[in-house]
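With the sequences and hints as input, model every part of the structure.
Under numbering that gives the first Met the number 0, think of the first position of the sequence shown as 0, with each following residue one higher.
No lab work stands behind these hints, which were simulated from the structure alone. Quantities reported herein were computed from a predicted structural model and do not represent experimental measurements. Where is the CB? At the ideal position from N, CA and C, for every residue including glycine. Honestly, I wouldn't trust all of these hints.
[What the hints assert, rightly or not] Simulated pairs of lysine-lysine, DSS-like, Cα-Cα distance not exceeding 25 Å: (1) Lys151 with Lys90; (2) Lys151 with Lys1; (3) Lys20 with Lys87; (4) Lys87 with Lys12; (5) Lys58 with Lys111; (6) Lys126 with Lys87; (7) Lys43 with Lys12; (8) Lys102 with Lys115; (9) Lys1 with Lys17.
[As the list claims (entries may be wrong)] Here are the in silico distance ranges between beta carbons for each label pair: (10) Thr191 with Arg144: 23 to 31 Å; (11) Leu192 with Glu84: 26 to 34 Å; (12) Phe177 with Glu18: 32 to 40 Å; (13) Glu152 with Glu95: 17 to 25 Å; (14) Gly39 with Phe177: 17 to 25 Å; (15) Asp140 with Ala220: 38 to 46 Å; (16) Ser82 with Glu182: 33 to 41 Å.
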Amino acid sequence: MKIYPAIDLMNGKAVRLKEGKRETKKIYGDPLDIAKEFAGHVDKVHIVDLDGAFTGELKNVEVVRRIISETGLAVQFGGGIRSFENLKRVKDIGVENPIIGTKAMNSDFLAKATEKFNGITVSLDMKPEGLAIEGWKRSVDVGYREVFAEMKEYTDRFIFTSVPSDGALEGVGNVKKFWSDQEVIYAGGITTLEDLRDLEARGFSGGIIGKALYENEIDLAEAIGAFGDENAR
Numbered sequence: 000m001k002i003y004p005a006i007d008l009m010n011g012k013a014v015r016l017k018e019g020k021r022e023t024k025k026i027y028g029d030p031l032d033i034a035k036e037f038a039g040h041v042d043k044v045h046i047v048d049l050d051g052a053f054t055g056e057l058k059n060v061e062v063v064r065r066i067i068s069e070t071g072l073a074v075q076f077g078g079g080i081r082s083f084e085n086l087k088r089v090k091d092i093g094v095e096n097p098i099i100g101t102k103a104m105n106s107d108f109l110a111k112a113t114e115k116f117n118g119i120t121v122s123l124d125m126k127p128e129g130l131a132i133e134g135w136k137r138s139v140d141v142g143y144r145e146v147f148a149e150m151k152e153y154t155d156r157f158i159f160t161s162v163p164s165d166g167a168l169e170g171v172g173n174v175k176k177f178w179s180d181q182e183v184i185y186a187g188g189i190t191t192l193e194d195l196r197d198l199e200a201r202g203f204s205g206g207i208i209g210k211a212l213y214e215n216e217i218d219l220a221e222a223i224g225a226f227g228d229e230n231a232r
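In structure tokens, the structure reads:
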């Protein structure tokens, strides 16, 4: 189980939201300082440009560039990557895994993106009413299994997010394995080491931890120690 500490960006600050709702924003400080702290424990972090997710345009890419250049961390990054120009831009600053959500619904775009760039990751962000897109502001009445069946033709790396669980600190969503040998990372509600063990038992290859780290529900060093050398810095 690979552990990915999360940094969500809004107006240049590290924040956390609940279920992606702006009105729930809580600011946690300078994202570069937080990234430097994470860099003492892991080799890769998960970063989302929330402003980019809401607007469809990259807004905090300079912060991401600084994190990569000043910490040496590998980065998987999403939020606002809805054009080839923005995809090239994030690859040019050193993002290892660009995360595509909304635009992944366009199979032509996804096919061309995965043909041209390595490390493309598709984000499956699920609400009870369907797949959440456009910064989780809108939902499409389609199931994640159906979307996955189409998108696995283009990439073998996915993030599954349980939107109702995100930022709630109430445990993980109830999703069973729907993939074969693809890499599928879980996000949304990870609050304890038991949650991580549960996800590992279900077959997830990684877990993204956000609010639980910021609110001291999970100690990152302890989590890294519990899940082995794959996470060692």
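Outcome of the hint check:
1. As the CA atoms of Lys151 and Lys90 are separated by approximately 21 Å, the hinted pair is consistent with the 25 Å bound.
2. Taking the CA atoms of Lys151 and Lys1, the gap is near 21 Å; set against the 25 Å cutoff, the hint holds.
3. Between the alpha carbons of Lys20 and Lys87 the distance comes to roughly 28 Å, so the proposed pair goes past 25 Å and is violated.
4. Among the hinted pairs, Lys87 with Lys12 is consistent with the structure: their alpha-carbon atoms are about 24 Å apart, no more than 25 Å.
5. Using a Cα cut-off of 25 Å, the hinted pair Lys58 and Lys111 holds, with the two alpha carbons roughly 24 Å apart.
6. Between Lys126 and Lys87, the direct Cα distance comes to roughly 30 Å. Violation of the 25 Å bound is thereby established for this hinted pair.
7. Among the hinted pairs, Lys43 with Lys12 is consistent with the structure: their alpha-carbon atoms are about 19 Å apart, no more than 25 Å.
8. Taking the CA atoms of Lys102 and Lys115, the gap is about 16 Å. The hint holds against a cut of 25 Å.
9. As the CA atoms of Lys1 and Lys17 are separated by approximately 23 Å, the hinted pair is consistent with the 25 Å bound.
10. A hinted range of 23 to 31 Å holds for the C-beta pair Thr191 and Arg144, which are about 27 Å apart.
11. Between Leu192 and Glu84 the Cβ separation comes to about 41 Å, which falls outside the hinted range of 26 to 34 Å.
12. The beta-carbon spacing between Phe177 and Glu18, approximately 22 Å, falls outside the hinted interval of 32 to 40 Å.
13. With their beta carbons about 22 Å apart, Glu152 and Glu95 fall inside the hinted range of 17 to 25 Å.
14. Look at Gly39 against Phe177: about 35 Å separates their beta carbons, and that is not inside 17 to 25 Å.
15. For Asp140 and Ala220, the Cβ-Cβ distance of about 43 Å falls inside the hinted range of 38 to 46 Å, so the restraint holds.
16. At roughly 25 Å, the beta-carbon separation of Ser82 and Glu182 lies outside the given 33 to 41 Å, and the hint is violated.
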